[in-house]
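Undergrad: Order-wise, the sequence lines are chains A and B. Using our numbering, you'd call the opening residue of the first sequence number 1 and step up by one each time. Using our numbering, you'd call the opening residue of the second sequence number 263 and step up by one each time.
In short, the hints are calculated from the structure, not lab data. For clarity, every value in this text was computed on a predicted model and none was experimentally measured. Take the hints with a grain of salt, since some may be wrong.
[As the list claims (entries may be wrong)] Not the full set, but computed from the structure, chain A residues with beta-carbon under 8 Å of chain B:
id: 1; residue: Ile54
id: 2; residue: Leu56
id: 3; residue: Arg83
id: 4; residue: Arg84
id: 5; residue: Phe90
id: 6; residue: Ser97
id: 7; residue: Gln108
Don't be surprised by glycine CBs; every beta carbon is placed ideally from N, CA and C.
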Amino acid sequence: MRKENIVINVKDVVTRFGERTIHDGVSLSIKENEIYGILGESGSGKSVLMKEMIMLLEPNAGEVTVLGKTLNGISYRDAQFLRREWGVLFQFGALYSSMTIAENIEVQLKEYTSITKEMRDALVRSKIALVGLDADVGSLYPSELSGGMIKRAALARALAMEPKLLFLDEPTSGLDPVGARNFDALIVELRAMLGITVVMITHDLDSIFSIVDRMAILADKHVVAEGTIKNVLQSQHPFVEDFFKNDYTKQKYGLEGKVENV
Amino acid sequence: MDEALIKYEKDQQQIRLFSQGEWTLKSVPQIEKKLKHIPSAKKVIWDFSGVTDFDSSGILLFIKYYEQFKREASVEVTGYTSAQKEMYQLTRAHTIEEIAPRRSNFFEDIGKTTVGIFSDIKDFITFLGELFATLFHVILHPGTLRFKEMVYHIHHSGFNALMIIGLTSFLVGMVIAYQGAVQLAKFGADIFIVDTVGISIVRELGPMITAIVIAGRSGSAYTAEIGAMKITEEISAMRTMGFDPYNFLVLPRVFALMIALPLLIFFSDIMGIFGGMVAAQMQLNISMTQFVDRLYEVLELKHYVLGMIKGPVFAFVIATVGCFRGFQVSDNTESLGLHTTASVVNSIFLVIAFDALFSVIFTELDL
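Just chain A, with the same shape it has in the complex (with noise of 0.2 Å):
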């Protein structure tokens, strides 16, 4: 981490659906350049936190900060700006089904730029490459790629706005192990080349151990830890009593030590 700067403030947001409090004053900061996990267990409005800072949802109550604009009562100029500063990668993809795979990647560029065709095509096939796709899956719609490189050609359309904020929703879900463990190097490395900060709702606890810089845990409607793993093990909570302290995860991580000794 280079820098301090807070890319995105979220202060006492909460959020109802009809009589279900999903948040009750949640908050959390996320920085530059860091790679920020959203953990909770099923429920706990993880999704729906996420969706709040891509303004795809508003809370009820509290505020969002993102890049320094705040997404209450936010301009439709402002709104636009962000859009283009910022890349999602949903859970499934939300590949665009009449497109295909290079139209979907192209689609922000041919809208929001005025690039030639050439350069376009040029840019598509650096992300196709980049997020490691081969060249002939440019031409195939969403529906005849297997559910790893949809994520793979998602995640190639949310960087083509070259966004400085990326958006994951459990990204590593749904891929077999290796993919997962070769999904999170790519971001890493994504990170490293890009400079960009990740927010990322996760469950895998290979990518939280590896790769998440900081992280909030969500849980009884509130975040009840946030920080880096080390900060997060000393919660006694007992979602992250369950989620971390549980003999696999011990043993596996080898935290036996550590946790008795934070």
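With chain A's structure known, arrange chain B on it following the hints.
TA: Chain B only, in chain A's frame:
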């Protein structure tokens, strides 16, 4: 063997129960039948030393009756193995509270449905508001109109519907002429078949048939397309990229249908009248020349105009309802089906309602 599963001895104060044999899923129903008839007592001693096999259904049966006996008597369980005890404890540890059945109360259902209808109306008004906001944006920045998508939808919803609309209109025109011919022939007013067919097709039936066919054909397609995009999160993806779904998905469809529907109505008018001509010739021996001559005399331009005016209105209703229902689809396939059905039903109903409204207005205006 039946006897062997459970036996009991009763004396003045206590009952001694002996469980024996296999307490498994297979035998549990028989055992339960017996257990029901065990008389009550102050003290129960339940012996398990004769049990050869035990599975979780046997354990659950035991738990059920153990609890029942315990309400009235002191229960003592003996003769169990440690493995059985462990199983018992595991089963105990993994029980949950009774799952509350979903309450469904007649009045509650009425209330929910009513609230649902009102919130649908509210959402539809919001949808129209967003649509008009986008429309004004497009009017101010004409370059942002998705022209290519619009042409695509004109082709798919308009041009590709020519066959079915032509055929339907032809048949309806024929049916009306046939039915009318029988009645008119009684009065020797054969030639009035031209008035009947011409005016009814051009003024009412052409627009109506076209709108209903398009509601079933394109309205449902709009809902399904947008709904499927919602399920696969494509709509969310569009939003995060700053592609306004109203501009990219809704407006092209609305414009396309508003352009295509009047053209289709014109085609439907022609085919309907042609159907009537064919029937008139066959049934009443009115030649096509005669028919056209008479048509010139009786079919005033206003009838045609009044029919045409309905076109864009019906198109707007069908396209907006179709798109709106598509956006309402939630994350499951069942809701896709429900909303597609609702879309077609709503738009056909609204088309007929608007047609009635037009009739009233035109009559009041003496048109």
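Undergrad: None of the hints should be skipped; say for each whether it holds.
TA: Status of the hints after comparison with the structure:
1. Ile54: Holds: closest Cβ of chain B sits about 5 Å from A/Ile54, inside 8 Å.
2. Leu56: holds (5 Å)
3. Arg83: Given a least distance of 4 Å, the restraint on A/Arg83 holds.
4. Arg84: Result: holds, 7 Å to nearest chain B Cβ.
5. Phe90: holds (5 Å)
6. Ser97: With a minimum Cβ separation of about 7 Å from chain B (threshold 8 Å), the hint on A/Ser97 holds.
7. Gln108: At about 5 Å, which falls below the 8 Å cut-off, the nearest Cβ of chain B leaves the hint on A/Gln108 intact, so it holds.
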